[in-house]
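A.B. asks: Chain by chain, the residues run as shown.
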Amino acid sequence: MSRKILMCGNEACGEGAILAGCKFYAGYPITPQNELIAYMAKRMSEINGVFIQAESELAAISMVFGAAAAGERAMTSSSSPGVSLKQEGISYIAGAQLPCVIVNMQRGGPGLGNIAPGQSDYFQSVKGGGHGDYKVIVFAPSSAQELLDYTFLAFDMADKYRNPVLILGDGLLGQMMEPVTIIKENYKPHVTEKPWALTGCKGRKPNIVRSFFLGEGALEEHNKRLQQKYQTIANSEIRAQIINPKDSEIVVVAYGSVARTAKAAVERARAKGIKAGLIRPISLWPFPSKIIKDASLAGRKKFLVIEMSSGQMVEDVMLAVNGKSEVDFYGRMGGGIPTEEEVLARIEALA
Amino acid sequence: MKKKNRKKIKRPAQKKVEEKLVLSRPESMRDIDMHYCAGCGHSIIHRLVCEVIDEFKIRERVIGIAPVGCAVIAYEYWDFDVSEAAHGRTPAVATAIKRVRPDNIVFTYQGDGDLAAIGTAEIIHAANRGENITVIFVNNGVYGMTGGQMAPTTLAGQKTSTTIAGRSLKNDGYPLKIMEMLAVLPGTRYLERVSVHSAQEVFRAKRAIHKAFKTQIENKGFSMVEVLSMCPTYWGMAPVQAAERIKSDVSLFYPIGVVKSY
Amino acid sequence: MPKIKINRDRCKGCYLCIVNCPNSLIKIEDKLNAKGVKAAVFSGGKPARLKSKSGLAGKCTGCAMCAIICPEFIIEVYK
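Chains as they are written, first to last, in this note's numbering: chain H, 8 to 358; chain F, 804 to 1065; chain B, 447 to 525.
Chain H on its own, in the form it takes in the complex (with noise of 0.2 Å):
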């Protein structure tokens, strides 16, 4: 059975975690995620979960720590300034290893800033906003569709790692209405179970869910299997789009609602007989390093990164190909979006 509904990117993520058997999400109101929080009070109360608006965007991050703790899927969402208030907690997630999905649609920064897209939050979502040495896996979609699949992946991937997964999306692919289509068997969630969960110690010793560990050297143990948890991830969670023909000689890299304007500059570069590729990151922690270095190593000569940003996921590229090739970085601040003209215009210019 499948239908085919237009929705707005927001809705399409609200839809995705319903799909995953989401039945608890907490948040606050904040532009551009507005029609997501919405969408969620609405659907929660359709399949009997638990809708809470929270008093901040800090009480929320909480509720979904305690809702997770109690083995329950959970989600909360926010944009830029509200996911800089999440941080701390998610933090304390990663630390205590629990699933959860946390949704950030990106706005202009810093401080305030305004309500139009931006992509800003790379560092705050690929390093680590939070303090400690933690990893949140990250996936950035770049359309409607993507925001519903990645989202309700996201759940399973939580569960399996016991981790915290992020969405990376923006205000643009938040509020554009797309077609999405939803075949019923392509979302069926993988239930993993959940022995450490916080249920009431009835016929086993009790749980504690802490990321706390005073005891000489247990907290450093603790971190030591945090990063071969990470690495895991590493070796196996790597997802990118890559058009990439052999004779290519610059590769654009760009993600989420950057990448199709990047998409539609390299075909029309193209067109004009030029050389170009993209190379499109979805994981954009773990990032997709090796796919960039062996395009490099395999003779691509210049890479040109498009974000819109002061430049934050260009320093990635540049650590991929270790100086091997060029690197070049088109960006847009503060709300700009990058036009299809502008990037060929770049693209023609390494040409």
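Hint data in this document are derived by calculation from the structure and do not stem from the laboratory. If you're wondering where the values come from, they're calculated on a predicted model, not measured in any experiment. All the given hints hold, so there is nothing to weed out.
Derived contacts from chain H toward chain F, CB cut-off under 8 Å, selection only: (1) Glu-62; (2) Ala-76; (3) Tyr-99; (4) Thr-206; (5) Cys-208; (6) Ile-215; (7) Arg-217.
A few chain F residues that face chain B, going by a derived Cβ cut-off under 8 Å, partial list only: (8) Lys-823; (9) Val-825; (10) Asp-836; (11) Cys-843; (12) Ile-847; (13) Ala-1002; (14) Pro-1042; (15) Val-1043; (16) Ala-1046.
Even glycine gets a Cβ: it sits at the ideal position worked out from N, Cα and C.
Given chain H, put chains F and B in place with the hints provided.
C.D. replies: Using the frame of chain H, we list chains F and B on its own:
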């Protein structure tokens, strides 16, 4: 002198009177040394909570949430499911756990910083939503874990490491009466302030904690017990004097008694 | 005959038991315990140093006020 011929009187064999232990350690409380200072109220309050849990036979249903503060490792002493929480967010964590597991008994255990400073928003909103949880609020008027700084409940004139000349109402504001503030909210059901400065007060404290848990078990709504507690180390006095200070000083400002009930 | 037993090596020397015993039957020991403090000890029926609240010195009634106030819960009361 003639030695009296004493006949040995045969007495019936005396029944050995069985000595019964009057009080035993609650099953929910682990038998290990606690890290709290000599005379700290936390040790007593932990035990009262465990006794009440045993009395209601809910050890296998209970989920506790430990605070950030001296009682951060309360889960080392409690033999049931426990979660930590970020500082102040304890009522938010409890809200979520109770909402997804309404048949479990969920309680928070918080100090004055956790509840009345950084967590003011969370306690007010959990109370305002009338969450069916139980809050144990340990009020010892100072931040113990971090070295004795001023708390929202520090009394006027009280010397702490951040109010060296004594708390100045002009500079530092007034001690907060959180219970009285929460009583105004229609979502709160049962609020009582008690103390652990003497054995008699400990009896009363236990009765209040018992009623608070009963309120939740009977689905009657939000319950909270504020426990005036000693912090001998950061009040700069011996435990016996600290207990006396609650009687003669602290309880005059924070009166012991029922604040709201049904 | 009611009596109490204080686990002296787990005593932290807060002496709350001493002021809570209505018959002043607990005193401070002279020696140091394993924690390096002078533990509280049952004086077992003999009048203690402190003034008795009830005026009835001498007998333990097994009221268990000491055990109830003891933060470490290391006083066993036998009746």
